[in-house]
Amino acid sequence: MTWELKLGASALTPPRTAGQPVGARWREAYAVRLWMTDALILVWVVYGTQIAWLGLQPPRVSGLAEIDYWIFSGVLIGAWIWMLGLLETRSDKVIGAGITEYIRVGDASLRVFGAVAIVAFLFRVDVARGYLILALPMGIVTLVLGRWLWRQWLIAHRRMGLYTARVLLVGCEESVAQIARELSRTTDAGYTVVGACVPAAVGGTVAGTGIPIVGDLESVPAALARIDADTVAITGTDDLPPDRVKQISWALESGGQHLVLAPSIVDISGPRIRTRPVAGLPLIHVERPSLSRGQRVAKRLADIVCSAAMLVVLAPALLLIAAAVRATSPGPALFRQARIGRNGEPFHILKFRTMYEGADAELATLLAAQGTDDRPLFKVRDDPRVTPLGRFLRKYSIDEFPQLLNVLSGSMSLVGPRPQVHAEVALYSDAAKRRLLIRPGMTGPWQVSGRSSLDWEDAMRLDLSYVENWSLLGDAAILVKTVKAVVSPGGTAV
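The sequence shown begins at 494 in my numbering and counts up one residue at a time.
Do not rely on the hints blindly, as some may be mistaken.
[Said to hold, decoys possible] Distance windows between CB atoms, simulated:
| no. | residue 1 | residue 2 | range |
| --- | --- | --- | --- |
| 1 | ARG819 | GLY787 | 13 to 21 Å |
| 2 | ILE596 | ILE626 | 17 to 25 Å |
| 3 | THR679 | ALA522 | 21 to 29 Å |
| 4 | GLY967 | ALA826 | 32 to 40 Å |
| 5 | PRO809 | GLY703 | 51 to 59 Å |
| 6 | LEU638 | GLU850 | 45 to 53 Å |
| 7 | LEU794 | LYS739 | 45 to 53 Å |
| 8 | ILE648 | ASP923 | 31 to 39 Å |
| 9 | ALA715 | GLN645 | 19 to 27 Å |
| 10 | LEU898 | ALA791 | 19 to 27 Å |
| 11 | ILE564 | PRO809 | 51 to 59 Å |
| 12 | ARG786 | GLN645 | 31 to 39 Å |
| 13 | ALA791 | GLY703 | 27 to 35 Å |
Quick caveat, the hints were computed from the structure, so don't treat them as lab data.
Quick reminder that beta carbons are idealized off the backbone N, C-alpha and C, glycines included.
Using the sequences provided together with the hints, build the complete structure.
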């Protein structure tokens with residue numbers, strides 16, 4: 494999507510009303526929708542669980558004072574909704590992207606039921622345990638499902654340029670261009686860049702982006718009003734003294750316009766970032782990436798359990814596929830190839846054979862013909878070596894399933910950077926070599942973010958971000974996205 498298209502789409506946003514900025518209006522309306530959905534879900538879950546467990550005429554809650562279960566359930570629903578608001582689960586800071594919103598929903602739910610348990614213990618209130626045990630998980634699951642459905646609605650509108658923060662970037666042209674490129678990669682996050690203020694502005698656009706330059710560093714408030722932006726993002730402060738940044742923040746409309754400091758550090762996840770105010774300075778601490786022994790054990794256990802279970806379930810289908818491969822073209826059913834794994838150690842990857850036998854010998858010629866033999870992503874477009882059955886297996890990534898044996902043996906993981914051949918690794922830059930710090934995976938971040946349509950630079954950026962910011966929840970999210978990518982293939986995984 495080009496910047497001009499984004500600017501055009503933003504014109505679809507309803508006109509501003511007096512006293513209420515556009516940014517504040519859509520955020521408040523979306524929060525109200527979430528509140529109403531939460532309330533309907535909790536009424537259905539809590540009262541539904543009560544009726545299912547205790548019937549239409551439940552006994553009274555016994556304790557210091559007897560309480561009707563209908564009243565108790567109503568109080569529980571009210572407390573649950575209040576806690577969801579207290580932990581800011583509907584805040585525009587967490588909606589639309591990431592897992593923070595879902596984590597806060599779970600946290601709020603656990604706190605409410607923890608409080609109920611404490612109160613019941615202290616005041617000897619006898620509440621039906623089965624009723625509570627059913628209501629808690631059902632409530633969390635349905636609340637998260639409701640939030641996810643609303644997020645899909647929000648993402649669909651954001652891709653049309655609606656329900657986004659209209660951003661004015663402020664800084665030198667280099668930093669503005671960098672931040673703009675990063676924001677353009679994730680349009681679902683809801684930031685649409687509509688202009689920039691740079692030193693000694695003389696009009697035109699920021700080189701390489703098409704972003705219009707709408708003013709210099711002294712005309713930020715005027716530029717903000719002129720382009721109807723609701724967010725100012727400071728991309729660099731070399732040309733902005735501290736007092737000037739403070740003045741910009743004072744000029745913003747309270748509650749409707751926002752100031753964001755966008756440091757030039759990218760692909761760093763939230764848990765590694767800590768903001769600590771010291772002597773009036775908001776110092777940003779970035780922790781070094783590390784994978785503790787406990788995390789490594791957890792990842793390895795998840796790999797063993799999941800790969801073993803999948804092999805047992807899929808065994809009959811895998812045998813049929815192997816027979817089909819052998820029957821449709823001469824050669825073995827499985828293809829073994831040397832790849833480079835963790836810490837540069839070689840291993841043999843397993844795949845169902847999708848090419849004619851001896852096809853490896855033609856790779857160099859085909860890469861040279863399409864002019865990609867100097868890049869560490871050996872991918873042949875419209876590969877003539879692939880068999881008809883192989884094209885089907887590749888389209889749905891079925892050829893990758895024998896790698897479950899690699900996962901079970903420990904040479905691979907379910908999720909991680911894709912393993913590459915020695916010739917590709919030999920072309921790595923120093924930064925790219927960080928891919929080798931962890932086990933390679935059957936699937937990874939770039940496979941679910943574009944698969945073979947991504948170029949090497951984007952694929953490497955995603956893999957390095959994964960290495961730097963690994964988490965078990967992140968692995969689970971990638972596995973879920975992998976299923977979606979396979980069902981609706983946008984390319985062929987390597």
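The hints, checked one at a time:
Separated by about 44 Å at the C-beta atoms, ARG819 and GLY787 break the suggested range of 13 to 21 Å. A beta carbon spacing of about 22 Å between ILE596 and ILE626 agrees with the range 17 to 25 Å that was offered as a hint. Here the CB-CB span from THR679 to ALA522 is close to 23 Å, well matched to the stated 21 to 29 Å. At roughly 34 Å, the beta-carbon separation of GLY967 and ALA826 lies within the given 32 to 40 Å, and the hint holds.
Between PRO809 and GLY703 the Cβ separation comes to about 54 Å, which falls inside the hinted range of 51 to 59 Å. Checked against the hint of 45 to 53 Å, the pair LEU638 and GLU850 passes, with Cβ atoms roughly 48 Å apart. Taking 45 to 53 Å as the suggested C-beta distance range, the pair LEU794 and LYS739 conforms, at roughly 51 Å. ILE648 and ASP923 have their C-beta atoms about 36 Å apart, which keeps the hinted 31 to 39 Å range intact.
A C-beta distance of roughly 38 Å is found between ALA715 and GLN645, which places it outside the suggested range of 19 to 27 Å. In this structure the hint that LEU898 and ALA791 lie 19 to 27 Å apart at CB holds, the actual value being about 22 Å. Remark: the range hint 51 to 59 Å for ILE564 to PRO809 is upheld by a beta-carbon distance near 55 Å. At about 38 Å, the beta-carbon gap between ARG786 and GLN645 stays in the expected band of 31 to 39 Å.
The hint said 27 to 35 Å for the Cβ distance between ALA791 and GLY703, and at roughly 45 Å that hint is violated.
Checked against the numbered hints given earlier, the structure breaks hints 1, 9, 13 and satisfies all the rest.
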